[in-house]
Amino acid sequence: MAKKTAKTKRPEPTLEVRFVAPGLAPEKIPLRAVSDVLAAVQDLASGRDPFETPHVPPEKSIGLVDVRRGSAIYRCVARAPEEALSNLGRIGSLLMSENGYGDDGDKLAAALGSIHDLSAVAKQVGCRLEVAIAGVRKEPLVVIQAEDYQRLSKRLLLAGETTVTGEVERVGGVTGLRCALRVPGRHRILYCDVKDRSLARRLGEHLYEDIVALGEAKWIYRSWRIYKFTINDFNQPRIGDSASAIENLRRAGLSAWDQIRNPEGYIREFRS
Amino acid sequence: MIVGIDSMILIYAGSVPKSIGTAASERAQLTLRAKLLLHQLSDDTIILPSIAVAELLVPIPDAQRGLLIAELSSRFVCKPFDLPATAIAADLWARSKKLPAELRHDNRNVLKSDVMIIAVAKAAGATVFYSHDRRCRAIAALVMEAKDMPTHSEDLFLPGDIERGEA
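Listed in order, the protein sequences are those of chains A and B. Following the working numbering from start to finish, the first sequence increments by one per residue and tops out at 272. Following the working numbering from start to finish, the second sequence increments by one per residue and tops out at 167.
Among the hints, a few may not be true.
Claimed, not checked - Keeping only pairs whose Cα atoms sit at most 25 angstroms apart, straight-line, the calculated SDA-like set for lysine to any residue is:
| # | chain 1 | residue 1 | chain 2 | residue 2 |
| --- | --- | --- | --- | --- |
| 1 | A | K218 | B | F81 |
| 2 | A | K195 | B | K147 |
| 3 | A | K195 | B | K97 |
| 4 | B | K147 | A | K218 |
| 5 | A | K195 | B | S74 |
| 6 | B | K97 | A | R222 |
| 7 | A | K195 | A | G172 |
To be clear, the hints were calculated from the coordinates, so they are not data collected in a lab. Note that the structure is a prediction, hence the values are computed from the model and not measured.
With the hints as extra help, turn the sequences into a complete structure.
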């Protein structure tokens with residue numbers, strides 16, 4: 001008979017976090033609310049000063065107990081179960097796909113932020129994360145490994161220099177310098193990284209003004225939506241008074257075109 | 001609003017040609033229309049693709065090119081041909097072949113330049129592209145609104161003011 005491996009002793013719970021209200025059903029509390037509350041309690045319990053320490057150090061972290069041991073299994077209830085299983089199943093298949101993602105690449109790209117977080121947790125904890133249909137032990141819907149985000153971002157994201165036009169909404173940040181830009185034609189605000197503090201200060205002087213930001217972008221392949229943008233510099237080109245603009249352009253050299261009798265033909269010749 | 005323009009708009013607005021007769025009057029009309037357009041767009045973000053900047057620089061003496069680039073950059077978004085523009089250009093190239101024969105360019109190099117200029121404007125978020133060339137407008141219309149220079153202004157006095165150099 002095989003020797004039983006020594007079981008790690010279950011630690012005694014230190015504290016309980018309670019959501020208290022008459023008739024409160026735990027399955028109706030969104031996961032995000034639970035994780036936000038647990039993270040905040042962990043901050044309070046560890047005495048973390050968010051301005052000094054970006055993350056709670058591992059030796060002060062708080063974990064859950066009374067969860068099935070061996071691998072940590074957290075059972076969840078979805079209010080739209082069919083949709084939840086179908087979405088997770090699709091992402092799981094795409095993650096395992098070896099031959100590109102076709103039109104589904106955009107769906108995978110939309111999930112990239114979550115995959116980034118899950119990969120980071122898998123790396124931090126040293127495990128793989130599985131999401132499976134409740135009670136079905138084999139063939140999980142989604143499997144996330146520590147290196148999955150890196151692997152996917154290499155295939156889905158393209159990087160290069162570009163300019164982005166938008167209105168400066170906010171500048172600053174505690175953990176990193178950020179600038180929120182409202183970009184025409186884009187539904188959500190674009191949160192950009194800012195190269196350095198002096199640039200952030202300059203951007204701060206142009207709140208609610210339109211700027212042309214110069215920097216490095218990461219685009220989602222095919223949809224060409226900007227996934228990440230770092231501002232390296234910016235300017236605010238404007239025609240302004242058109243008469244003086246034209247005069248200044250002429251003075252700067254545009255008047256050389258006065259000598260060209262057939263400018264359309266000249267341009268055509270340049271192109272061919 | 002973000003709009004794109006081609007190089008000819010600035011050539012019409014910013015040069016005083018030495019032509020005579022009918023050609024001179026036609027050219028004067030184009031100059032007035034280009035100036036009207038720039039007046040209308042004075043508060044907008046105007047994309048002048050770097051490919052169009054290169055065209056503008058061709059007859060400019062070498063010593064003055066830097067000055068003109070600086071002046072253009074302070075007034076227009078001189079956007080380079082970046083990665084999203086490459087994908088848009090490839091798409092436009094394929095779609096432009098399906099345009100009616102009278103709207104297709106005879107010269108592949110002219111078509112290539114137009115496609116690249118429009119793609120840069122589109123990648124920069126332009127929703128309108130201005131050009132006096134109807135073939136160029138036909139290509140631009142595949143991905144955004146395409147317009148010629150205005151022929152008149154709602155402000156009746158504006159054309160006269162522009163001609164006198166007062167606006």
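Going down the list of hints, with the structure as the test:
1. A:K218 / B:F81: 16 angstroms, holds
2. A:K195 / B:K147: The given pair, whose Cα atoms are some 38 angstroms apart, is violated under the 25 angstroms limit.
3. A:K195 / B:K97: 43 angstroms, violated
4. B:K147 / A:K218: Not satisfied, since the Cα-Cα distance of roughly 32 angstroms exceeds 25 angstroms.
5. A:K195 / B:S74: 22 angstroms, holds
6. B:K97 / A:R222: Satisfied, since the Cα-Cα distance of roughly 22 angstroms is no more than 25 angstroms.
7. A:K195 / A:G172: 12 angstroms, holds
Violated hints, listed in ascending order, are 2, 3, 4; each of the other numbered hints is respected by the structure.
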